[in-house]
Amino acid sequence: MNTTVEIKNLNKSYGNQQVLFDISFTVNRGEIFALLGVNGAGKTTTLECIEGIRGYERGQITLNGTIGVQLQSSSLPQYIKAIEAVRLFAKWNHAAVDGDYLGRIGVSSFQNKKYQDLSTGQKRRLHLAIAMLGNPDIILLDEPTAGLDVEGRAALHEEIRHFKNAGKTIILASHDLSEVEELCDRIAILRNGEIAFIGTSQALTEQLQDTRRLHVRFSSPVRMDGLAVCVYRTEEQGYAIFEADNLTDGLLELSTAAKKQNSSIDDIKIERASLEQRFIDISREVK
Amino acid sequence: MSAFVHSVLLQWKLDVRNKGVFITFYVVPLIFFVFMGGVFTSIMPDAYKTIIQSMTVFGVTMGAVLGSPAPLVELYGSNIKKGYRVGNIPLWTVAVSNFISGFLHLAIMSMIIFIAAPLLFNALLPNDLGLYIVATALTIAASLCVGTLFGLFVKSAAKLTMIAQLVFLPSVVLSGIMFPADLLPDAVQYVGRIFPATSGFAFMCANQIDIAYFAPLIIIIIASVVVSAWKIKRIGVD
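Residue numbers (the numbering used here), protein chains in the order written: chain A, 1 to 287; chain B, 1 to 238.
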């Protein structure tokens with residue numbers, strides 16, 4: 001496959017605070033690649049470095065093709081009409097305004113409305129239409145469905161699939177795991193400016209195949225150090241939460257630990273670990 | 001049509017649509033002209049000699065200082081600038097389009113006063129029409145340069161309203177359009193000279209080019225262009 005985007009050892013700081021640490025990944029032609037992470041993980045900064053609106057201290061960004069960008073927090077002058085905005089950006093990019101395309105993504109239906117009168121969904125569609133002017137090879141989408149209702153979200157997902165079918169390379173930043181699972185070929189999970197996981201969503205799921213999540217309520221507090229099978233995750237509503245790849249050994253380890261510390265297990269709930277929980281765990285793991 | 005010309009024409013339309021800008025470019029200056037023009041010419045017998053110049057300076061100062069920075073604050077003070085950068089629209093074009101659009105609007109407003117004043121108040125036309133046009137154009141340009149600086153440096157519309165008033169009110173009071181500036185103490189007269197309205201009014205009333213009025217306007221324009229260019233470059237840097 002052709003590599004369309006290649007990021008090597010990207011490092012970025014705001015003042016004295018480093019926010020990206022040696023970010024490296026490649027994206028192939030026709031691939032939908034997700035940057036996933038909680039707020040502040042570094043998704044938008046990574047995208048903005050790729051877009052060229054942020055400088056960076058070290059690293060290398062190679063783009064083999066033209067880019068179209070839909071920013072997370074983009075805006076336009078409040079009195080500009082939708083069609084005027086499209087024409088303005090088209091003029092500066094020497095691009096033709098494709099009426100059919102505007103019709104397909106629904107911009108034609110509100111093209112004479114002022115920007116201040118557009119709904120969130122209409123604004124998203126307008127910015128997408130602007131991003132697609134000049135038929136770019138690489139499309140960068142930052143939280144493309146934030147603030148959209150179910151219908152708007154489905155329509156935008158359909159449009160993103162359409163771009164993929166047309167051979168476009170798409171990088172999207174999101175904190176919505178279900179969106180990423182549904183759309184993307186590969187995921188990079190960012191945590192505190194570092195890549196904590198990179199691979200397909202299936203690979204992430206496979207990591208969890210035998211993993212069980214144990215919610216345990218002890219009769220008195222139990223120290224969690226020295227556990228070999230169980231991994232302590234968090235505490236919720238009086239239950240200590242562990243993950244264990246081997247359920248039998250995990251239960252034995254917890255009951256032994258409780259007994260040694262003159263405690264006992266009052267209640268226990270066992271469930272299969274979900275992809276969402278795994279994402280949260282990866283995102284929150286302390287460096 | 002080039003992208004830049006397209007941007008200027010679009011800005012012209014946006015200024016008409018933007019009620020806040022339209023009011024400061026046309027509505028308030030022209031209402032003030034009709035109302036205060038009547039008052040001035042009634043209570044001051046000689047007011048008819050300078051009513052065109054004084055009302056023009058008032059309108060230009062209001063439009064340039066209170067009105068023209070608003071679209072710039074909206075753009076440079078928000079995420080719109082990011083969208084423009086990734087959309088390959090150079091940031092300087094916004095300030096320049098806004099300047100040209102503002103210049104055209106204020107020139108039209110000035111022309112309306114120039115035509116209406118003799119009809120309404122028997123106003124005296126300037127002796128040298130060519131000189132008057134040059135003086136008016138320079139006054140508009142210098143005032144818009146000051147407005148552009150506000151648009152680039154002020155971060156929000158709320159702050160803009162306060163800061164612009166701090167320049168607008170002294171400009172009007174110290175320029176000599178309400179009462180002769182030579183009635184003011186010398187020190188205050190010198191302070192008044194830092195505002196384009198003072199030199200602009202004197203230049204528009206003059207019968208010949210006087211470096212004392214001409215030079216301050218040119219200095220204001222050059223200094224503003226240099227500072228604006230530096231600021232726009234900084235806005236464009238991470």
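The set of hints was computed from the structure by calculation and includes no laboratory data. Misleading hints may appear alongside valid ones.
Some chain A residues near chain B, calculated using beta-carbon distances under 8 Å [as the list claims (entries may be wrong)]:
(1) E51
(2) I53
(3) T66
(4) V69
(5) L71
(6) P77
(7) Y79
(8) E84
(9) L88
(10) W92
(11) I130
(12) M132
(13) N135
(14) Y239
Cβ coordinates follow ideal geometry from the N, Cα and C atoms, glycine included.
So, going through the hints one by one against the coordinates:
no.	hint	result
1	E51	holds, 5 Å
2	I53	holds, 5 Å
3	T66	violated, 10 Å
4	V69	holds, 4 Å
5	L71	holds, 6 Å
6	P77	holds, 6 Å
7	Y79	holds, 4 Å
8	E84	holds, 6 Å
9	L88	holds, 6 Å
10	W92	holds, 5 Å
11	I130	holds, 6 Å
12	M132	violated, 12 Å
13	N135	violated, 14 Å
14	Y239	violated, 43 Å
Of the numbered hints stated above, those contradicted by the structure are hints 3, 12, 13 and 14, listed in ascending order.
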